[in-house]
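Participant: One letter stands for each residue in the lines below.
There are 2 protein chains.
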Amino acid sequence: MEFMDGKWKKSSTDWEQLLSDSLLNQEAVVEGAVHSIRNMGDVAFIILRKREGLFQTVLERDIPECSVHQLKEAMTVRVRGILKNEARAPHGRELRITDVEILSAPAEPLPLAVDKWKLNTSLEAKLNKRPIALRNIRERSKFRIQEALVRAFRDYLYENGFTEIHTPKLGARGAEGGANVFKLSYFHKPAVLAQSPQFYKQMMVGVFDRVFETGPVFRAEKHNTKRHLNEYTSLDLEMGYIDSVQEIMSMETGYLQYAMALLKNNYEKELSLLNIELPNTERIPEVRFEKAKELVSEKYNRPVRNPYDLEPEEEALIGRYFKEEYGSDFVFVTHYPSKKRPFYAMDDPADPRFTLSFDLLFRGLEVTTGGQRIHDYRQLIAKISDRGMEKEGMEQYLDAFKHGMPPHGGLGIGLERLTMQLLGEENVREVCLFPRDMNRLEP
Amino acid sequence: MEFMDGKWKKSSTDWEQLLSDSLLNQEAVVEGAVHSIRNMGDVAFIILRKREGLFQTVLERDIPECSVHQLKEAMTVRVRGILKNEARAPHGRELRITDVEILSAPAEPLPLAVDKWKLNTSLEAKLNKRPIALRNIRERSKFRIQEALVRAFRDYLYENGFTEIHTPKLGARGAEGGANVFKLSYFHKPAVLAQSPQFYKQMMVGVFDRVFETGPVFRAEKHNTKRHLNEYTSLDLEMGYIDSVQEIMSMETGYLQYAMALLKNNYEKELSLLNIELPNTERIPEVRFEKAKELVSEKYNRPVRNPYDLEPEEEALIGRYFKEEYGSDFVFVTHYPSKKRPFYAMDDPADPRFTLSFDLLFRGLEVTTGGQRIHDYRQLIAKISDRGMEKEGMEQYLDAFKHGMPPHGGLGIGLERLTMQLLGEENVREVCLFPRDMNRLEP
Numbered sequence: 001m002e003f004m005d006g007k008w009k010k011s012s013t014d015w016e017q018l019l020s021d022s023l024l025n026q027e028a029v030v031e032g033a034v035h036s037i038r039n040m041g042d043v044a045f046i047i048l049r050k051r052e053g054l055f056q057t058v059l060e061r062d063i064p065e066c067s068v069h070q071l072k073e074a075m076t077v078r079v080r081g082i083l084k085n086e087a088r089a090p091h092g093r094e095l096r097i098t099d100v101e102i103l104s105a106p107a108e109p110l111p112l113a114v115d116k117w118k119l120n121t122s123l124e125a126k127l128n129k130r131p132i133a134l135r136n137i138r139e140r141s142k143f144r145i146q147e148a149l150v151r152a153f154r155d156y157l158y159e160n161g162f163t164e165i166h167t168p169k170l171g172a173r174g175a176e177g178g179a180n181v182f183k184l185s186y187f188h189k190p191a192v193l194a195q196s197p198q199f200y201k202q203m204m205v206g207v208f209d210r211v212f213e214t215g216p217v218f219r220a221e222k223h224n225t226k227r228h229l230n231e232y233t234s235l236d237l238e239m240g241y242i243d244s245v246q247e248i249m250s251m252e253t254g255y256l257q258y259a260m261a262l263l264k265n266n267y268e269k270e271l272s273l274l275n276i277e278l279p280n281t282e283r284i285p286e287v288r289f290e291k292a293k294e295l296v297s298e299k300y301n302r303p304v305r306n307p308y309d310l311e312p313e314e315e316a317l318i319g320r321y322f323k324e325e326y327g328s329d330f331v332f333v334t335h336y337p338s339k340k341r342p343f344y345a346m347d348d349p350a351d352p353r354f355t356l357s358f359d360l361l362f363r364g365l366e367v368t369t370g371g372q373r374i375h376d377y378r379q380l381i382a383k384i385s386d387r388g389m390e391k392e393g394m395e396q397y398l399d400a401f402k403h404g405m406p407p408h409g410g411l412g413i414g415l416e417r418l419t420m421q422l423l424g425e426e427n428v429r430e431v432c433l434f435p436r437d438m439n440r441l442e443p
Numbered sequence: 001m002e003f004m005d006g007k008w009k010k011s012s013t014d015w016e017q018l019l020s021d022s023l024l025n026q027e028a029v030v031e032g033a034v035h036s037i038r039n040m041g042d043v044a045f046i047i048l049r050k051r052e053g054l055f056q057t058v059l060e061r062d063i064p065e066c067s068v069h070q071l072k073e074a075m076t077v078r079v080r081g082i083l084k085n086e087a088r089a090p091h092g093r094e095l096r097i098t099d100v101e102i103l104s105a106p107a108e109p110l111p112l113a114v115d116k117w118k119l120n121t122s123l124e125a126k127l128n129k130r131p132i133a134l135r136n137i138r139e140r141s142k143f144r145i146q147e148a149l150v151r152a153f154r155d156y157l158y159e160n161g162f163t164e165i166h167t168p169k170l171g172a173r174g175a176e177g178g179a180n181v182f183k184l185s186y187f188h189k190p191a192v193l194a195q196s197p198q199f200y201k202q203m204m205v206g207v208f209d210r211v212f213e214t215g216p217v218f219r220a221e222k223h224n225t226k227r228h229l230n231e232y233t234s235l236d237l238e239m240g241y242i243d244s245v246q247e248i249m250s251m252e253t254g255y256l257q258y259a260m261a262l263l264k265n266n267y268e269k270e271l272s273l274l275n276i277e278l279p280n281t282e283r284i285p286e287v288r289f290e291k292a293k294e295l296v297s298e299k300y301n302r303p304v305r306n307p308y309d310l311e312p313e314e315e316a317l318i319g320r321y322f323k324e325e326y327g328s329d330f331v332f333v334t335h336y337p338s339k340k341r342p343f344y345a346m347d348d349p350a351d352p353r354f355t356l357s358f359d360l361l362f363r364g365l366e367v368t369t370g371g372q373r374i375h376d377y378r379q380l381i382a383k384i385s386d387r388g389m390e391k392e393g394m395e396q397y398l399d400a401f402k403h404g405m406p407p408h409g410g411l412g413i414g415l416e417r418l419t420m421q422l423l424g425e426e427n428v429r430e431v432c433l434f435p436r437d438m439n440r441l442e443p
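Protein sequences, first through last, are from chains A and B.
Counting in my numbering, the first sequence runs from 1 upward without gaps.
Counting in my numbering, the second sequence runs from 1 upward without gaps.
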């Protein structure tokens, strides 16, 4: 009988060893995709793309097993050779090839020059050829940065006593109601795709006190803008026994600090490839919704058109204001008007026209919406009734409150928006592996 | 201007402090839900439920602010008092109450006795009242164990150079084709929900070499069994430059070892509440599909009915065989017949009637399907054509191969099944927060 013991001895040399001194001037084996070939006549540089980065290999003359003319970009190969110091190579190392094994060969030449520093092509073309375009070193780095943002979210929340939950994306009714849900037939019953895990995460506060989820949400919104996706990844948390809404904002600030530290310590390569300077998250200013409107209206000579909502241009100006006045890339805008927040938002007892809620703007774009929720059953029922809403389909949600819920609140972060702002991208589609918008359902 | 700095000083005492000696015989503040009340006449024990566990508080006599008759189960409270050693209390500690603040009160008594050690009710009733039923200490512990399984998956794969990806759940076509997909209208275009991230994770191997995803998958299967869900969480990985299919099995073995260690070190409380003995994962036997059939047929006197597939009963017997013969709760069954595996499975060059694939059985239930995939474009096209399949809708997937893909393979683990087997549950719905089956779309 054969057994697996979880220990696998790779037949190739690992990245750390390639860069360490232990194998210098000795034999090593490197696997990778042929990223580019520079044939100088007497010598050819074969640059391999590995998950850790590019690695230079050198074919000094034709060898019996392989002529440079046999090699093609996008082949995957296993090369054997002698590891040498070479100051001009990436990472100061190269492999002088003694043997090449071709693992796979492409059937057609690449449709995009993925070995260029910047992919010189339109967003549309990149998205149409996504699996190829992402082979560009800078393109793929964006998603390593995105990984760090999700990873930090989870790790920070684990440390803070949160439990991770997985809530259903298929349900009988949307959390916020309304028209922006995708509908489908579920074994002949009407069903919808979850717009957010809102109801579920609240109900789970009654169980675990603190919960989070990182998962897809679906919005059938007919927006076709640079900052909207119809499917995106939402980083959601909900926490009970809060002292105030500010405790939620504090938790988000702590997360951002943790994320920047993780990026700085573990994603240095990608930050450097993309030339990213991390924003300061030590102190994030908070300003009331009304005050923010007033400040930018005064400073930038802009009349307030809609007193109940922030227009995208206004958000951008608030971002600019806090950058100019306080040097901050982030600002919490608090106390949004009650009529623009969902029924479950808690009104401010000091002035019920406003809610104990907030948005976080990052460089002038909303990346988070959060707030304290109503936890008292009677108050929740009264609010639903005030708004002329139906309780149908919310029975289970309301039951959780009927049987006691602690004071609580939470937030949802749009992962792609957060990534977009961090990377200074113009379009949210740049930082979604396979974006879904009104016109795009493929690849 | 006010600033958030990410440091929040809670007004209540944290769990570690409650159990440490630093506040012994001093004042502390405990928040929680009233889990149970034992009124002994001259003294009442108010057991609070916190995320970390149960904590005993004691009302020795009525105080001006609070009589025991005012307190109800499912209230949430903040109590102040003096912290005392008490050997008979959980964790050996209790709080002698001096003050009670009621944070919220239920509108109706609880419909289930959540304070009982075991919820004495049917699965159906538990699922109908899920947000309440999960307040039972043992019920909620199952999902902490589940958390550890996902967390370990990610952490182990981060350590092994995998990149986390988020692939779309809405698409134009299912990965495996077939009838088992949920269909919907996406802005007047036909769309389906992803049955698995299979195509996407394979395409991303061409970009990141090693990728993983933990997310929901949707199966419109008309199975109503104890081990099927129509929406579940899939732990998927895909890795390039593999030496053989066994390298994938080795990665899974490593993951399981890592998960058991994480459970042992960080989830002791939950293991003990549920009385779970962790399985040995040091050595996992592997056996060929045909051999496994033969072994159980001989040992248990059972004729082989279907030579191409394993019936559930046969899986159970294989599990039993390897437990009896090798003391193992796990067994890799390898080399499944080609005709029962998807088109992208790589046939064994030594005998193309079989594939370089595997299932992992855990206590007689399949919890993982994996294998090496075809990476050569021409071979993939030939297989599609042999099967009489349409290439329509797979253009992007095939493009990735046309432009070069490394040898690769991967696997998908059903999170709920893995949890179910670890916990010894009879029904997979027990370990899904909000299960979706043919008859259940709520809560």
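Incorrect hints may appear among the rest.
Chain copies aren't distinguished; within one or between two, either way the pair holds.
To be verified - Straight-line C-alpha distance at most 30 Å; calculated DSS-like pairs for lysine-lysine:
#1 Lys222 with Lys72
#2 Lys50 with Lys383
#3 Lys7 with Lys323
#4 Lys9 with Lys226
#5 Lys50 with Lys264
#6 Lys126 with Lys7
#7 Lys9 with Lys291
#8 Lys84 with Lys222
#9 Lys183 with Lys226
#10 Lys299 with Lys269
#11 Lys183 with Lys391
#12 Lys340 with Lys50
#13 Lys126 with Lys189
#14 Lys183 with Lys222
#15 Lys84 with Lys10
Please keep in mind that the hints were generated in silico from the structure rather than gathered at the bench.
Participant: Could you run down the list of hints and mark each one as holding or not?
Facilitator: Hints, verified against the model:
In this assembly of identical chains, Lys222 and Lys72 lie within 30 Å of each other by CA distance neither inside one copy nor across copies; the values are 44 Å within and 48 Å between. In the homo-oligomer, the alpha carbons of Lys50 and Lys383 lie at most 30 Å apart only across protomers (29 Å), although the nearest pairing inside one protomer, at 56 Å, exceeds that limit. For a Cα distance limit of 30 Å, the shortest separation of Lys7 from Lys323 across copies, 22 Å, qualifies, whereas the shortest one inside one copy, 51 Å, does not. Proximity of Lys9 and Lys226 under a CA criterion of 30 Å is satisfied in neither setting, with 46 Å inside one chain copy and 39 Å between copies.
Proximity of Lys50 and Lys264 under a CA criterion of 30 Å is satisfied intra-copy only: 22 Å inside one chain copy versus 35 Å between copies. When the C-alpha separation of Lys126 and Lys7 is checked against a cutoff of 30 Å, the pair qualifies neither within a copy, at 39 Å, nor between copies, at 42 Å. Within a single copy, Lys9 and Lys291 get their C-alpha atoms only as close as 62 Å, which misses the 30 Å cut-off; across copies the closest is 27 Å, which meets it. With identical chains, the CA atoms of Lys84 and Lys222 are never at most 30 Å apart, being 57 Å at best within one copy and 60 Å at best between copies.
With identical chains, the CA atoms of Lys183 and Lys226 are at most 30 Å apart both within one copy (25 Å) and between copies (28 Å). For the identical chains of this complex, Lys299 and Lys269 are neighbours neither inside a copy (40 Å) nor across copies (57 Å), given an alpha-carbon limit of 30 Å. In this homomeric assembly, Lys183 and Lys391 come within 30 Å of each other (Cα to Cα) both inside a single copy, at 20 Å, and across copies, at 28 Å. For the identical chains of this complex, Lys340 and Lys50 are neighbours neither inside a copy (49 Å) nor across copies (34 Å), given an alpha-carbon limit of 30 Å.
Taking the closest pair of Cα atoms, Lys126 and Lys189 come within 30 Å of each other only across two copies (22 Å); inside a single copy the shortest separation is 39 Å, beyond that limit. Taking the shortest alpha-carbon separations for Lys183 and Lys222, both the intra-copy value of 15 Å and the inter-copy value of 20 Å come in at or below 30 Å. With identical chains, the CA atoms of Lys84 and Lys10 are at most 30 Å apart within one copy only, with a shortest distance of 21 Å there and 57 Å across copies.
Of the numbered hints given earlier, the model fails hints 1, 4, 6, 8, 10 and 12; all others are met.
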